[in-house]
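K.L.:
As a plain string of letters, each chain reads:
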Amino acid sequence: MNFPINSSPHVLPITSVPIIMRHVLYALIPSTIVYVWYFGFGIFINMLIASIAALISEAIMLRIRNRPIKPSLADGSAIVTAILIAFSIPPLAPWWLPVLGASSAIVLAKHLYGGIGANIFNPAMVGYAILLLSFPVQMTHWIPPQIENLGFQNIDLWSTVLYSVTGSLPSNLNLDAITQATPLDIVKGGLKNGISINELRSGPLFSQLGGYGWEWINIFTAFGGVYLLYKGIIRWHIPVSLLTSITIFAALFYLYDPNQNLSPSFHLLSGATVLGAFFIATDPVSAAATNQGRLIYGASIGALTYAIRTWGGYPDGLAFAVLLMNLMVPLIDRFTTPKIYGQQQ
Amino acid sequence: MATATVIFAGIAIVLAILLIVSSHYLSTTENEVIDKIESLLPRIQCAQCGYPGCRPYAAAIVTDKADINLCPPGGNETVRRLAKFLGSDFSPVTKYSTTANLNEIAFISEELCIGCNLCLRACPVDAIVGTHQSMHTVISDHCTGCRLCIPPCPVDCISLVSRNA
Amino acid sequence: MLKYPLFQSFYGGVHLESHKNTSNHKQIARDFLPSRLIIPMNQQFGSDAIPSVKVGQLIQKGEVIGKPAEKNTTAVHASCSGRVGAIEKHPVPTAGKVSTSTCVIIETNDENNIAAQKPPLFKNHLDKLTAINHAGIVGLGGAAFPTAEKLNRKSSHCEMLILNGAECEPYISCDDLLMQEHATEVLRGALAMMEIVGAELTVVVIEKDKPKAIEAISNAIETIGSKCIRLTDIPTMYPTGGERQLVEALTGKEVPSGKYPIDVGCICQNVGTAYALDCFFQLGEPLINRIVTVTGQGVKNPQNVAVPIGAPIVELIKFCGGYDGEVSQLILGGNMMGYTVDTDQLPVTKSTNCIITTKKATTPKPFEIWPCIRCGECIPVCPVRLLPQQILKAYENKNFEELGKLGLSECIECGCCDVVCPSHIPLVENFRKAKHLRMQEIKSSELSNAAQKRYELKTQRLSSQHANTEKLHADLKESIKESSKNDMIKAAVERSKKRRDKK
Chain B
1 MNFPINSSPH
11 VLPITSVPII
21 MRHVLYALIP
31 STIVYVWYFG
41 FGIFINMLIA
51 SIAALISEAI
61 MLRIRNRPIK
71 PSLADGSAIV
81 TAILIAFSIP
91 PLAPWWLPVL
101 GASSAIVLAK
111 HLYGGIGANI
121 FNPAMVGYAI
131 LLLSFPVQMT
141 HWIPPQIENL
151 GFQNIDLWST
161 VLYSVTGSLP
171 SNLNLDAITQ
181 ATPLDIVKGG
191 LKNGISINEL
201 RSGPLFSQLG
211 GYGWEWINIF
221 TAFGGVYLLY
231 KGIIRWHIPV
241 SLLTSITIFA
251 ALFYLYDPNQ
261 NLSPSFHLLS
271 GATVLGAFFI
281 ATDPVSAAAT
291 NQGRLIYGAS
301 IGALTYAIRT
311 WGGYPDGLAF
321 AVLLMNLMVP
331 LIDRFTTPKI
341 YGQQQ
Chain P
1001 MATATVIFAG
1011 IAIVLAILLI
1021 VSSHYLSTTE
1031 NEVIDKIESL
1041 LPRIQCAQCG
1051 YPGCRPYAAA
1061 IVTDKADINL
1071 CPPGGNETVR
1081 RLAKFLGSDF
1091 SPVTKYSTTA
1101 NLNEIAFISE
1111 ELCIGCNLCL
1121 RACPVDAIVG
1131 THQSMHTVIS
1141 DHCTGCRLCI
1151 PPCPVDCISL
1161 VSRNA
Chain F
2001 MLKYPLFQSF
2011 YGGVHLESHK
2021 NTSNHKQIAR
2031 DFLPSRLIIP
2041 MNQQFGSDAI
2051 PSVKVGQLIQ
2061 KGEVIGKPAE
2071 KNTTAVHASC
2081 SGRVGAIEKH
2091 PVPTAGKVST
2101 STCVIIETND
2111 ENNIAAQKPP
2121 LFKNHLDKLT
2131 AINHAGIVGL
2141 GGAAFPTAEK
2151 LNRKSSHCEM
2161 LILNGAECEP
2171 YISCDDLLMQ
2181 EHATEVLRGA
2191 LAMMEIVGAE
2201 LTVVVIEKDK
2211 PKAIEAISNA
2221 IETIGSKCIR
2231 LTDIPTMYPT
2241 GGERQLVEAL
2251 TGKEVPSGKY
2261 PIDVGCICQN
2271 VGTAYALDCF
2281 FQLGEPLINR
2291 IVTVTGQGVK
2301 NPQNVAVPIG
2311 APIVELIKFC
2321 GGYDGEVSQL
2331 ILGGNMMGYT
2341 VDTDQLPVTK
2351 STNCIITTKK
2361 ATTPKPFEIW
2371 PCIRCGECIP
2381 VCPVRLLPQQ
2391 ILKAYENKNF
2401 EELGKLGLSE
2411 CIECGCCDVV
2421 CPSHIPLVEN
2431 FRKAKHLRMQ
2441 EIKSSELSNA
2451 AQKRYELKTQ
2461 RLSSQHANTE
2471 KLHADLKESI
2481 KESSKNDMIK
2491 AAVERSKKRR
2501 DKK
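Chains as they are written, first to last, in the numbering used here: chain B, 1 to 345; chain P, 1001 to 1165; chain F, 2001 to 2503.
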């Protein structure tokens, strides 16, 4: 009888890349539901378009690079990138916005660096940054929460689809009337014009904790993040250090001058803070590798995000903070190498 | 406008000073480059590249832009390392079909050796012992398998065997 | 008395599916008598033993058939009575692979009379160690290091004897069963070892998933009434059973790279070794049996069997009911650090602790392997605190300098990183290849350096020789010139004198 020879260990790994990606997608379900509740079905359209664009560009790039297409398409990483991009662009957006975002993420940030595992930058954030820098108008036209008694003009699914496909709205709707800036944007502009935080926060787009609707989206995103932690897909180091550092900075400045600085809760529950902490900064490929390094990485992203939000030119700085820290990862990894067993240093 | 000009001019000056200082302290002399290239070569002094030894070849790479794929004992792996270090393109070793190999050593057949001493002189690393009119032998630990002893032998008594055998 | 705080954990490691209940619910089977024995001469570290019997000779159980080749190696004994059928080369599982070794092949008979069994008497300490070597006793944990050699590390003082019953590898349960059935003997063996090394404390380490063994040992400690034996149950975590991890878990100290546990005052011995030592001291019985776990989905009656050393695996499997359907792999040792063999015609050796027969594939298929996504899961599980993902990268780039810096040579190949890798990269396999390549690289660079040095010496010698010759020639020429000048003048003077004289 002849048996095959294999290298040890003789045991199958306990998880796999597609399983990880699938769990990330599951974890995004609660926040998607809340998102739809507040901002309508626009995000679904964006998710669909972005996913298709991501898969197509992934397939084309794999073909060009002479790599097997099927396993890489099936691992789900392109979909995760696309979904994260859909989260970061306005629910009411022309179709080419998600297409451009997803395809530039996949082509420029992922495959030009060597495909999955080799990218230096977080692909989704590269896609977002390209969109934000190239199309600032379209990227900042957010729609207000689609809740009846807020006093804004609402938009139905059909009009959203129409706008996405043709770039124009039905005659009874006016783009300027429908869209609003995001709460962080309003605060940024308002402070520049000398309006105090208290006055700004009395507006209809704000609630007790943060931006209206945004606080619940962030809280439900955090539930998804806890699911990932529970499943062991991510480790606690990056989210905890990121959220802690942003809270500490916000608290310090808030205590110093509550009229000019937003409260910690507002910082935590507005914009992409929680999504960033659990889903974006934790992208393993572009994050630091050791636990110690991840603490530094997460804390630095938190600090940079706060700095860009407060003093920078953009209302939300998470994407740029992540990209900047991606650059620092090799350095962090070098300095946080653990001491090898039995070797004195 | 004025502030911006000052700031950028300042940055430019600082960077220029940094560059000047670093070029002064971190410069590499030609000799250092030759040393490094020599260390990447197998250094068994077989002269199959057409230069009298490894260092002359290394010097030729630097000064005469000699091809980097002339070293048969080093094989393609050495060419790859040289290409990486020099930032040039890789091309496989083509110079000799009978490539020397670090895993082989010379062996002198005791029945045939006439003790002519010629191989002794050819050996670049003094790995052959013997004297006139008596049999020679190869010190296997020192032999590099460079084959330089084979052509001078008048009775063809030297062959190559695997190092581990 | 107790000098150490007994820590209970080490860095890294993974929880694994234990699979131990496949084999640990039955008593050790003691009636296995193979028809043929293939007894290898290379069952230990160091030189092989030399066969000391002739073909056709009748031998008794326990008789020496292989003499130790060197002073500190061990002898080999016949594990059953019978007739020597042949002395020939035969494939033998050795240290991770199958190699060929001289084997004494014995056709067994069922007389089973035992040669000269009485408790040995020793004149002195050294005598005792020699006797242990002659009894063929080696470490039964898997490495087969001569026990006497390990107990004879005189250089530093041993404070603690660690009796290793952790058995952290999945599937294996031979130590578990041994402790359950022979707790007193095991402890008596440990006390004997303690006396030899002069330790003050013995700690028996058992993983928490073996409650029966823990109970048996703690009862035995009470019965013996020795105050210098302590029992520690440690959390079930692979690879606690590794010597270095065990020392870290118990003392919090790290064994320095390239050194042994004795350098931090500990000696680790397997419980099976302690039992073998006790058998020898009490009954004079050399090491001719060991307990082997035969387990896995591919065998009908998985169980632990007391196997005479040299019994063919195929007969052992038959004894356990034979194969159950199609078997995909035969693994010697645990499924984490054991190795696959291609045939069952191999003998059981002193280091064979377990035989696993699998039915399902245990290696990921090529299309299920993704590139490294740098998830970092391999880092916190590495008990040596390496960065497997970066080692892999350095290996792919053939960056040997970096591999050295990253501590590739410290990798114990435990396989923890393989288990957690979501990209299913066979890391350990790659690291083995990397180690091999790096050794070759180091060798060839040593060769190159030596060659360069000798070449430089030769060039120097030649040039100085050349310079000397040149100088000699020049001097000669000079002297010839000088002398010939004078001679010529003299000759001319002579000639002119002669001419003048003629006139």
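Hints listed in this document are in silico derivations from the structure and should not be mistaken for laboratory results.
Since we're looking at a predicted model, the values are computed, not measured.
Be a bit skeptical, because a hint or two may be false.
[Stated by the list, open to error] Lysine-lysine pairs mimicking BS3-like chemistry, simulated, CA-CA at most 30 angstroms apart:
#	chain 1	residue 1	chain 2	residue 2
1	F	2365	B	339
2	F	2398	P	1084
3	B	70	F	2067
4	F	2360	B	231
5	F	2359	B	339
6	F	2398	B	339
7	B	231	F	2365
8	F	2227	F	2208
9	F	2398	P	1036
10	P	1084	F	2405
11	P	1065	F	2208
12	B	70	F	2227
13	B	70	F	2208
K.L.:
It remains to establish, for every hint, whether it holds in the given structure.
P.N.:
Each hint, compared with the structure:
1. With a CA separation close to 34 angstroms, the supplied pair residue 2365 of chain F and residue 339 of chain B exceeds the 30 angstroms bound.
2. Between residue 2398 of chain F and residue 1084 of chain P the CA atoms are separated by roughly 12 angstroms; this keeps the pair inside 30 angstroms, and the hint holds.
3. Between residue 70 of chain B and residue 2067 of chain F the alpha-carbon distance is near 61 angstroms, which puts this suggested pair outside the 30 angstroms criterion.
4. A threshold of 30 angstroms between alpha carbons decides the hint, and for residue 2360 of chain F with residue 231 of chain B the separation of about 26 angstroms falls inside it, so the pair holds.
5. For a cut-off of 30 angstroms, the pair hint linking residue 2359 of chain F to residue 339 of chain B is broken: about 40 angstroms separates their Cα positions.
6. Distance check on the hinted pair: residue 2398 of chain F and residue 339 of chain B sit about 23 angstroms apart at the alpha-carbon level, within 30 angstroms; holds.
7. Between residue 231 of chain B and residue 2365 of chain F the alpha-carbon distance is near 25 angstroms, which keeps this suggested pair within the 30 angstroms criterion.
8. Of the supplied pair hints, the one linking residue 2227 of chain F and residue 2208 of chain F holds, its CA atoms being roughly 22 angstroms apart against a limit of 30 angstroms.
9. Between residue 2398 of chain F and residue 1036 of chain P the alpha-carbon distance is near 18 angstroms, which keeps this suggested pair within the 30 angstroms criterion.
10. Restraint check: the Cα-Cα separation between residue 1084 of chain P and residue 2405 of chain F comes to about 20 angstroms, which is no more than 30 angstroms; the hinted pair holds.
11. For the suggested pair residue 1065 of chain P and residue 2208 of chain F, the alpha carbons sit about 68 angstroms apart, so the restraint of at most 30 angstroms is broken.
12. Between residue 70 of chain B and residue 2227 of chain F, the direct Cα distance comes to roughly 65 angstroms. Violation of the 30 angstroms bound is thereby established for this hinted pair.
13. At roughly 45 angstroms between alpha-carbon atoms, residue 70 of chain B and residue 2208 of chain F are farther apart than 30 angstroms, so this suggested pair is violated.
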